[in-house]
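Q: These are the residues of each chain, in order.
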Amino acid sequence: MSALAEPLPQVALGGIGLDRGGHLLIDQALRRLRPGDALLVTEGDAHLELHLRAWARSRGHAVDGCVLRKGNAADRRMAGAVRAGGTGPGGIVDRPPSSWGLAARGSLVEAGGPDLASADLASRPQVWSDVAPKLYAQAAASQWDPTTAVDWSATASLTAEELPDEIESAVVQVMTYLVENEQAALMVPARFLGRIHPHFREVVQLLAVQVADEARHVEVFTRRAQLRGFPLGVSGAGGRASLQTLLDEPDWSLASFLLSVLGEGTFLSLLSFLERCAPDPVTRQVARLALQDEARHVAFGLAHLTEEVAGDRALRDRLRAAIERRHDALASTSGLAPDVHDAMVVLAAGSWAPTAIAAGWAKVQALQADMDDGRRHRLVRLGFTGREAAELSALHTKNFM
Amino acid sequence: MSGDRLTLGAVAYDPKVVTIWDGFRRWFAAEGLDVDYVLYSNYERQVEELLAGTIDVAWSSPLAWVRAHRLAEAAGGGARALAMRDTDRDLTSIVVAREGSAVEAVHDLKGKVVGAGAVDSPQATLLPLAHLGGLGLTGELTVRRFEVGVGLHGDHVGGERDAARALMAGEVDAACMIDGNHLLFAREGLFPPGATRVVAQTAPYDHCNMTVVDGPGGPQPGREALLGRFCQLLFAMDYGDATVRPLLDLEGLKQWLPGRLDGYAQLEAAVDGSGFYDGAGTVTAEGYRP
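For the record, the sequence lines run as chains C and G. For the first sequence, the working numbering begins at -10 and goes up steadily by one. For the second sequence, the working numbering begins at 19 and goes up steadily by one.
No false leads were mixed into what you were given.
Computed from the model, here is a short list of chain G residues facing chain C with C-beta under 10 Å:
| hint | residue |
| --- | --- |
| 1 | L202 |
| 2 | F203 |
| 3 | R215 |
One side only, chain G facing chain C, incomplete, derived with CB under 7 Å:
| hint | residue |
| --- | --- |
| 4 | L201 |
| 5 | R205 |
| 6 | G258 |
DEER-style ranges, computed between Cβ atoms:
| hint | chain 1 | residue 1 | chain 2 | residue 2 | range |
| --- | --- | --- | --- | --- | --- |
| 7 | G | R205 | C | D64 | 20 to 30 Å |
| 8 | G | G305 | C | P(-2) | 46 to 56 Å |
| 9 | C | P(-2) | G | L279 | 30 to 40 Å |
| 10 | C | G101 | G | R205 | 20 to 30 Å |
| 11 | C | L91 | G | A48 | 21 to 31 Å |
| 12 | C | G101 | G | A298 | 43 to 53 Å |
| 13 | G | T261 | C | G79 | 28 to 38 Å |
| 14 | C | A35 | G | R43 | 41 to 51 Å |
| 15 | C | L91 | G | P210 | 29 to 39 Å |
| 16 | C | L22 | G | A120 | 38 to 48 Å |
| 17 | C | R23 | G | V301 | 44 to 54 Å |
| 18 | G | G246 | C | P78 | 53 to 63 Å |
No lab work stands behind these hints, which were simulated from the structure alone. Model, not experiment: these values are computed from the prediction. Using N, Cα and C, we set each Cβ at its ideal position, and we do this for glycine too.
The task is simple: from the sequences and hints, build the whole structure.
A: This is the structure:
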């Protein structure tokens, strides 16, 4: 006695042709079958057999009338596929291969395709910081619109008595200096952005926002400088030489150290000083807005270097050497342009009265002490001793950034 | 042909042909077989150079296969089809009319205009017109050919697409095409859902193959070893291999299969019936200039 033949698995297309998505229904049914299994296709349109014949051939299935026999091409296609880690930060792997390319973290990556060889910053210890997802979320939530976040009329409407031209000149000089520093702070992360493996998605996102932050800073400092119709100030050769050493640093960790930990870290003091001491509301507002962004940049640089140093003791020696090398490279330059330093004193003084100038001078002295304190504090966070931190802080560029 | 190198001929019907054969060439080299390729602008020239011994193996259209074996046999030798794609087997061609037109069945084509592909297209001209002839329609209808890519033996889809456009524009009463292109044109929107009716379909036939020809003395032992290795590697190409899969996708197959000859009888008859080649492989088609 022979066993009764099992009925064939079926898929009904409900009158939908293979030219209108019917093949999706067939594919869905085939996914439940193994290569070699048969599938009866029913309820197609008038061209069902014709189109099934052509479609099956192109997909590597055999066909006889309306009965498909599943081929193995779809399975073979994914034979070498691998999962690119896990979707969340917990799924990050130490060394994502370049063959994962632009694939989303956690996706199933078909073998083949181009290598993303340009993303050579692909080591977790070098790139990643656990704080990156949180900082990115904060950064995305903290984006501000230069047009509406600043009350531009508040300074434009001041009288000459309220904001004398000599003081305005000092503000314009400081803004001129800030713009070129922010240009450097934009270009440094932008240069590394394309080299970071997309597997470290949150770091890439964070740096992308950092670049956008700097773009806004360039805008608001430029707008402030132009607010009362004054020509921009002087761009000193020494200042630009100092910034050039940041652009020339080819190593991601060292560039991040010099820019974010030391340079932008020092700028936290400077922006805080401007927020407190500037003679007009717009300057105070733009300094405050930039300060909150820069604090985030410093936090990430410090966090990822702290984690990297913990796993690579030799890195601290390289950081030290980077400061010393930069100091030597800048030994023949003048550091902070006198125009900038003097402008900061006048800005803080608020008038040309001798007592005000003396007070302004004292405030700038206090600022420089505050900058030194901040640098030493951050160097200690990276594991340098207090004495080492003091020595290294003293070698930091006189240009601040 | 020279030394341990196998030279393959292919027709450059599309820029992707360079990508395909460059890729296959590198893949064969990695497997230790030196394969080079020569591209031809048309199949007639390729067949002639295959016969002349300039190339060892030709990636032939079905029509080129017909000519190659006729020429080889006329010279006292023979031809073999070493391999073909899985997608070269059991194709059909169809004749399509507009739904709702006066052409409801194939015999309604009497006195009507049928759009075909280029003069040398097996799938859009020779085979479907021979099929209509077999149904008694020879001389009963007017054929309007859409001559795109003459010499490419129908590899260029342009002639079929132009015929399909003419059908939908009402310029012809029916159009000939390969089965897969009906689905393609429907997906492209050229054929709206329900707008066409298939009034005739050929029996299944086979398409391209890897052709070699032998002289009166039969296969040459030295070359046979190379061809044997070539076939061994072709059949070993695995769709699961990421290095070769993109090339298989471009060439439109999932696996290479041994060549077979029982799928060319319809085309042989169509060639004879239309006088495209004579029995010795000479081009006799009137006005055919690749």
